[in-house]
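Enquirer: Residue numbers (numbering that gives the first Met the number 0), protein chains in the order written: chain W, 0 to 222; chain L, 0 to 609.
It should be emphasised that the hints constitute simulated quantities derived from the structure, not laboratory data. As the structure is a prediction and not an experimental result, all values here were calculated from the model. Please note that a few of the clues may not be correct.
Straight-line Cα separation of at most 20 Å, EDC-like style, residue types lysine to aspartate or glutamate; simulated pairs [said to hold, decoys possible]: (1) W:K15 x L:E574; (2) W:K150 x L:D272; (3) W:K24 x W:E199.
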Amino acid sequence: MAQAVPAEQKWWSGGKSPFNVEYGKLMMWYFLMSDAFTFGAFLISYGTIRFASNSWPDPNEVFQSFPGLGNGLPLMFVSLMTFILIISSVTMVLAVQAGHAMDKKAVVRNLVLTIIGGIAFLSCQAWEWTHLHHEGAWWGSNPFLNADGTKATTNFTNFFFTITGFHGFHVFSGVVINIIMLIMTLNNVFERKGHYLMIEKAGLYWHFVDLVWVFVFTVFYLV
Amino acid sequence: MSQEVNLHEQVGEMTTHEVHHDEHHGHHHKETFITKYVFSQDHKMIAKQFLITGMIWAIIGGLFSVLFRLQLGFPNETFPILEDILGKWAAGGKIQPEFYYALTTMHGTVLVFFVLTAGLSGTFANFLIPLQLGARDMASPFMNMLSYWFFFIASIVMISSLFVQTGPASGGWTVYPPLSALGDASEGSKIGMDLWLIAMALFVVSSLLGGLNYISTILNMRTKGMSMTRMPLTIWALFFTAVLGVLSFPVLLSGFILLLFDRHAGTSFYLSDIFLASTQKALPNEGGSAILYQHLFWFLGHPEVYIIILPTMGLVSDVMSANSRKPIFGYMAMVGSMFAIAVLAFLVWAHHMFVTGLNPFLGAFFVLLTLLIAVPSAIKVFNWLTTLWRGNLRFTPGMLFSIGFVSLFISGGLTGIFLGNSTLDIHLHDTYFVIAHFHIVMGVSAFFGMFAGIYHWFPKMYGRYLNNTLAYIHFWITLVGAYLIFWPMHYQGLAGVPRRYLDFSGWASFNQFDGLNRFISIVTIMVFAVQLLFVFNFIYSIFKGRRVTSQNPWGATTLEWTTPINPGHGNWEGEIPEVHRWAYDYGKDGRDFVPQTEPISPNESPESKH
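All chains should be built: construct the whole structure from the sequences, respecting the hints.
Expert: This is the structure we're talking about:
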């Protein structure tokens, strides 16, 4: 208890971090704000173009395949993808929590699960992209008709591949970061440092990528 | 509860760890030439790297303007020497149309981004943040080094675009599609445009790495006693600048990524219903919007002008207060108005787009928000003037450039009120009036602020002074020259002379300006020559300038003047000083100045109300 910070402490008067965090975490938060603006710009561009169009393809028609089960299953596969990604966020939280408790074994276990979740999500995305590509969809080509039966512009697929690709790139970076974290944990780097703050920063990034997916999922698959 | 205690324990351990780290910094490591001058992680060296790279860019960008002013001032003359230097771009001694557009485009790009963003923020944020806050270095010296090297690579890519066969980007510094999206549309839209986009993407990465560092250093690494409201205004300005950069550059990056897809992946984000004259073909692209690009561009583009001007506002405030021997007038009003400017910066971008067919109803809001910026700007101007008022002025070169900055900021700011009105903008848009406005208010005045900073902090950077006589010549010719160049452009703009035109001889109504154009071009050459004089002064003084003999040559209150004359990596030899007061105790209780490090004495008059 003697270590507790006095209530009267002046957090902003210099000589210490006003948020009681080290600079890396602060940078991560600001980076995520910055990245939110990158995604925001993409998604607002998408919204602008979509609402300026007379009609748009129906996601229930486009995304209706499931590997091994064939067609006619609207949004089933993407629901699975979303589920996987959200579960990987849960395991990430558990890894961060285990880090606070200095429980190396639990950190390793949960990081491995998170990495598996990330790779599973990327694999699903790879399958979905391949499937759409076989149907003739790609940047600059869109085989799907508008919901009202008219011929669609290519911007449905243009935005889909650009934005999900950009998100997938973020997931990929997150998996790489988590693998580095795993290696560092296994090499006892954090045990020696006496804290697992790096895992917490990686966790922030991972949750952010998940959160972005919620928006991407909503605007591309649901509406 | 126990967990909370745990966390604090951890953090407590962290700070002691950091203190040990600091002590290591105190004595010098063996440094090689490479680690000291090239891949340096010392914020002061990185600042100098940014400054010198920025100066090289400024010479290149300025030279571009001299070249296109030759064409504008002397459209009927030929300059055979240009053909010798530039080859086919100046065939027959005349600047060719394609090259003219490349020159104006690169002039804008180089000066806006490479000089007044990286060269300015990169220099002074890196140099002054740790020194004025009392930190050994930036939060992450390594990221800081990366920030410079990303800028360096961006510079190399941008320079290389000057040497490709089809020439550099030439669609204006805003690179609007469809011109910039279609390689067949012009020579400059070919490989030069790709290199431009790649260079700018690298530039955004550099700016992000730098900005994150500046923000976390300012929040986390202030020395004991340096509360936010004791920080010099320079630091506040650099803080808001960094926030603006971190939040607006990513939007530009998104816009560029979509543009790259349009160029190379057959997408139609910005393209719709296009018939291309050069190939006599209708393009298949449908459904895109060129206006979308403009929104994405100006969402950065407008904050960008504050990214340029805010740091100089901070520098000028500090230089002015120190050389008036008076506290800055209205410290909190200064901080508040910078905050207001930073917020409004994000809400006014569409005033660049009044004539794009923007809904006039929407335009009305952008008019209102734009005109609101006049309020914090005017507060700042009045505070500078009242800081000067009855001050004990010392007309050092830094002070002169600060006063020049305020003069230019007023002159250029007033025309902003004209342009911010959408009805007037219909007439003035894309005329020389706009050129005059933004060159005075953010181009030349930002340069003046930057010069004020360089003259003022050069002794701290190199332990020597710049030559004063050359500095005074530099100041007066630049100030008078800047007004002679840009003031007449207002009249041209009001008369309807459009920007970006190569030759006006086809318009009888513009013939009246032939003499004026010649005059402007001649002054441009003279002002450019004086900048070279400054560069000479800079380089000469690094090696041969008068030596600084005292720690605090300007009698300033801030912490950078408590370091040794030539500080090593780590800045302070002993302990980092503790701060006891704000940065503006000039002329207090009959004393000329009281450094920030001096404790408040019991019989001192109460701390200034700020």
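Enquirer: Could you grab the alpha-carbon distance between K24 (chain W) and E199 (chain W) and see if it respects the 20 Å cut-off?
Expert: Holds, at roughly 8 Å.
Enquirer: Decide if the proposed pair is consistent with the structure: K150 (chain W) and D272 (chain L), CA atoms, cutoff 20 Å inclusive.
Expert: Since the Cα atoms of K150 (chain W) and D272 (chain L) sit roughly 16 Å apart, the hinted pair holds (cutoff 20 Å).
Enquirer: CA of K15 (chain W) to CA of E574 (chain L), is that 20 Å or under?
Expert: holds (16 Å)
When each numbered hint is compared with the structure, no violation occurs for any of them.
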